[in-house]
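Line by line, the protein sequences give chains A and B. In this text, residue positions in the first sequence follow full-length UniProt numbering: the first is 242, and each later residue adds one. In this text, residue positions in the second sequence follow full-length UniProt numbering: the first is 242, and each later residue adds one.
Rather than coming from a laboratory, the hints here were simulated on the basis of the structure. A hint or two may mislead.
The list treats identical chains as one, so a pair stands whether inside a single copy or across any two.
[Stated by the list, open to error] Below, a list of computed lysine to aspartate or glutamate pairs in the DMTMM-like style, where the Cα atoms sit at most 20 Å apart:
hint, residue 1, residue 2
1, K621, E478
2, K599, E478
3, K333, D590
4, K401, E574
5, K485, D590
6, K412, E596
7, K485, D429
8, K355, D380
9, K401, E480
10, K401, D429
11, K270, D590
12, K401, E588
13, K270, E419
14, K331, D590
15, K355, D561
Protein chains: 2
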Amino acid sequence: NPALLEPQGDHFYAHEPPRSPQLLVQCQKPFNGETPHALLAGAFVTPADIHFVRNHMPLPRGLSAAEHSITIEGPGVGATTLTLHDIRTKFKAHTFCSVLQCAGNRRSEMAAYKLVEGRAPWNSGGMGNARWTGALLRDVLASLWPQELDLVNPLNNRAKHVCFIGSDQHKETGIYYEGSIPLAKVLDPLGDVLLAYEMNGQELLPDHGYPVRAIVPGYVGARQVKWLSRIVLSENESEAPWQKKDYKLLPQGVTDHEGAEGPQGWTSMPAVEVMPVQSAILTPEAGSVFAASTTEAIKVRGYAWSGAGVPIARVDVSADGATWTVARFTASEVRPSGRQWAWTLWEADVPVPEESRKKAGPLRIMCKAMDAASNTQPEKVATVWNFRGLNCNSWGNTIVRLE
Amino acid sequence: NPALLEPQGDHFYAHEPPRSPQLLVQCQKPFNGETPHALLAGAFVTPADIHFVRNHMPLPRGLSAAEHSITIEGPGVGATTLTLHDIRTKFKAHTFCSVLQCAGNRRSEMAAYKLVEGRAPWNSGGMGNARWTGALLRDVLASLWPQELDLVNPLNNRAKHVCFIGSDQHKETGIYYEGSIPLAKVLDPLGDVLLAYEMNGQELLPDHGYPVRAIVPGYVGARQVKWLSRIVLSENESEAPWQKKDYKLLPQGVTDHEGAEGPQGWTSMPAVEVMPVQSAILTPEAGSVFAASTTEAIKVRGYAWSGAGVPIARVDVSADGATWTVARFTASEVRPSGRQWAWTLWEADVPVPEESRKKAGPLRIMCKAMDAASNTQPEKVATVWNFRGLNCNSWGNTIVRLE
Ligand SMILES: [Mo]
Ligand SMILES: [Mo]
Chain A
242 NPALLEPQGD HFYAHEPPRS PQLLVQCQKP FNGETPHALL AGAFVTPADI HFVRNHMPLP
302 RGLSAAEHSI TIEGPGVGAT TLTLHDIRTK FKAHTFCSVL QCAGNRRSEM AAYKLVEGRA
362 PWNSGGMGNA RWTGALLRDV LASLWPQELD LVNPLNNRAK HVCFIGSDQH KETGIYYEGS
422 IPLAKVLDPL GDVLLAYEMN GQELLPDHGY PVRAIVPGYV GARQVKWLSR IVLSENESEA
482 PWQKKDYKLL PQGVTDHEGA EGPQGWTSMP AVEVMPVQSA ILTPEAGSVF AASTTEAIKV
542 RGYAWSGAGV PIARVDVSAD GATWTVARFT ASEVRPSGRQ WAWTLWEADV PVPEESRKKA
602 GPLRIMCKAM DAASNTQPEK VATVWNFRGL NCNSWGNTIV RLE
Chain B
242 NPALLEPQGD HFYAHEPPRS PQLLVQCQKP FNGETPHALL AGAFVTPADI HFVRNHMPLP
302 RGLSAAEHSI TIEGPGVGAT TLTLHDIRTK FKAHTFCSVL QCAGNRRSEM AAYKLVEGRA
362 PWNSGGMGNA RWTGALLRDV LASLWPQELD LVNPLNNRAK HVCFIGSDQH KETGIYYEGS
422 IPLAKVLDPL GDVLLAYEMN GQELLPDHGY PVRAIVPGYV GARQVKWLSR IVLSENESEA
482 PWQKKDYKLL PQGVTDHEGA EGPQGWTSMP AVEVMPVQSA ILTPEAGSVF AASTTEAIKV
542 RGYAWSGAGV PIARVDVSAD GATWTVARFT ASEVRPSGRQ WAWTLWEADV PVPEESRKKA
602 GPLRIMCKAM DAASNTQPEK VATVWNFRGL NCNSWGNTIV RLE
């Protein structure tokens, strides 16, 4: 059961931190909350207090920046412990914007099409673009094991994966949260994997992994482990359920837990790592009302992003599905390498079709992004629906009303 | 005019080589020919003589492996000339399968939807999977300029791009064929950019770039320059028309040359480099006939590939667009790095819908691939149509007949 680990007794949640009342709560225990669309559209850098939160367990207690350390181990390169103070002071700090996205973002759209297993019915606010500061994990490994690791060619290392283990514990089983990424991503000089200790120029908030978390640009949020306590270099990917089960896009014929455990289930699919190209409409909100007689065009705003780190080449917006307006990009940020871990905010003035203006009623506005690798979003949620409700990247949309 | 350079006098084509009569000719001058679908499906490694050919000019004459050399230059690192003999003997040879694809592959489907500018109406055979042998360009640069170039972090170099110049010349203007790729791709230890002098264990055929060509895994064929004569490290991408114009996916509102030269035209879009996720059905061929009364399922074969180098996670096949059969992968090849430059061949036994079996008529069979970054193919060609008819990666399909 992929959700096996989630439900826990209420008493484990007696010490959750205060949270912004602006967060739209999907689930209290563990805490899942998303950013309202209009607030997301309002800032290129998402403020920390309203940035979406996806916890898997109760918030870990007793962590302190002054006393925290991370153990880094194996294989064939021993184990060592670094204090967060070391990480902050001995390594160059890097700062850049990088999108975090819950794999369940826009799950509500998948759930509306067909029942999904994931519980949190996220809209488009399970995604944020913060500015992270930290040490490159590449620099840390280079300093620890300059001889023992081949830092240039990852193939020459026995380790192929890097497992991140958090301090957040499933109290009933004792399991700590864990996920892994390829060592090649860490060693890539343009990979930008951070041990991040600041978000938007401030210490991390408890919900975002205080005092230190992994930032893995372009990857699903689930691998960007918060409250980081251990890093394990490994020949294999993590054996944790979040790696081997939950975060997988099952074939479309799998519609229940029995199917998920069968031959076309978890074992047949790779773990979600790099995220696909996507865009969503943030404003106008669904249900917004416009005067049919006077509204020739509607200003539409949204985000676009591709986990591949290639720039968004174009966002097209339409109110009829046939004629497409090319959106203006209003904000983004490109790394010196050309990789684009930040989102691209965009806006477009979309003409309201003459036919629609003649009568009152709903008007569906759609957006679709293409990245620089020519990857595009699928039109219909039906064609990417999956049992866990993950990686919904069909055309973004909002339904407004003409009156 | 993006096609400005193509038409040339017949007399320039007096010395074209003999070619396999099995190639389906799209254009004689310059020569463009594709592989019949059934032959493509029949071999994991596409034989050289039937591998698609997309030439931009007359075949260059007088090239010889014994006398050929490549000049490599700047910026800030001088210029040097390497003989092909040096390239063959002084550097480790690497051999692996890598897909070549014409950006115009499946253009016929785009053209059927709406007029496109590209002349060659490719079906799904403008793509092949050959086994290439050559020296890594990374190794060559490391040997030439161990001090002058930062081989680990491309950001530390003035050069950001690598231009490849062929020996094929547009006789009327004197321009040689040219394209560029990011230096980061060349320096990536897992990037696998080759100076290739063998195809499927043999010297290159004239049409495939004899005596040496660039192989740039995951990139559009247009950058994998044949008959390679010069390599230029540059601060900017190539200024050639094939980089700045032809190989771009223009916004969907651009439907003529005037639009292409306007503000939403060439200058608004990036050059095609990394290719998107895709799949196509190779057999049964369109028009194949099956007995409605006795055909419960149809065996379907095809290819799938993603230029990102991530594995194909799944291919789904359907004869009704609603229920999807997961295809079996019959052949692929993964690099030790995990990158997958080879295609994945697949097959599936697709149930014929009961409704279709009750009456004679056409039956459309569809396929859609998802790669390990969760990128998928768009359903309809209309949503990715573009003026040049490039990168058609909508759902693969074939229409057979039930009788
Ligand atoms: Mo997530
Ligand atoms: Mo091409």
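Against the structure, the hints come out as follows:
In this assembly of identical chains, the alpha carbons of K621 and E478 never lie at most 20 Å apart, being 32 Å within a copy and 36 Å across copies at closest. Taking identical chains as interchangeable, the C-alpha atoms of K599 and E478 are never at most 20 Å apart, the minima being 58 Å within one chain and 49 Å between chains. For the identical chains of this complex, K333 and D590 are neighbours neither inside a copy (43 Å) nor across copies (56 Å), given an alpha-carbon limit of 20 Å. In this assembly of identical chains, the alpha carbons of K401 and E574 lie at most 20 Å apart only when taken from different copies (18 Å versus 30 Å within one copy).
Within a single copy, K485 and D590 get their C-alpha atoms no closer than 44 Å, and across copies no closer than 28 Å, so neither meets the 20 Å cut-off. With identical chains, the CA atoms of K412 and E596 are never at most 20 Å apart, being 58 Å at best within one copy and 53 Å at best between copies. Taking the shortest Cα distances, K485 and D429 never come within 20 Å of each other, neither inside one copy (24 Å) nor across copies (29 Å). Within a single copy, K355 and D380 get their C-alpha atoms no closer than 46 Å, and across copies no closer than 52 Å, so neither meets the 20 Å cut-off.
In this assembly of identical chains, the alpha carbons of K401 and E480 lie at most 20 Å apart only when taken from the same copy (14 Å versus 39 Å across copies). Proximity of K401 to D429 under the C-alpha cut-off of 20 Å is found in both arrangements, the shortest distances being 13 Å within a copy and 17 Å between copies. Neither within a single protomer nor between protomers do K270 and D590 lie at most 20 Å apart by alpha-carbon distance, with minima of 41 Å and 45 Å respectively. When the C-alpha separation of K401 and E588 is checked against a cutoff of 20 Å, the pair qualifies neither within a copy, at 41 Å, nor between copies, at 31 Å.
In this homomeric assembly, K270 and E419 come within 20 Å of each other (Cα to Cα) only inside a single copy, at 19 Å, whereas the closest approach across copies is 59 Å. Proximity of K331 and D590 under a CA criterion of 20 Å is satisfied in neither setting, with 49 Å inside one chain copy and 59 Å between copies. In this assembly of identical chains, K355 and D561 lie within 20 Å of each other by CA distance solely across copies; the values are 18 Å between and 25 Å within a copy.
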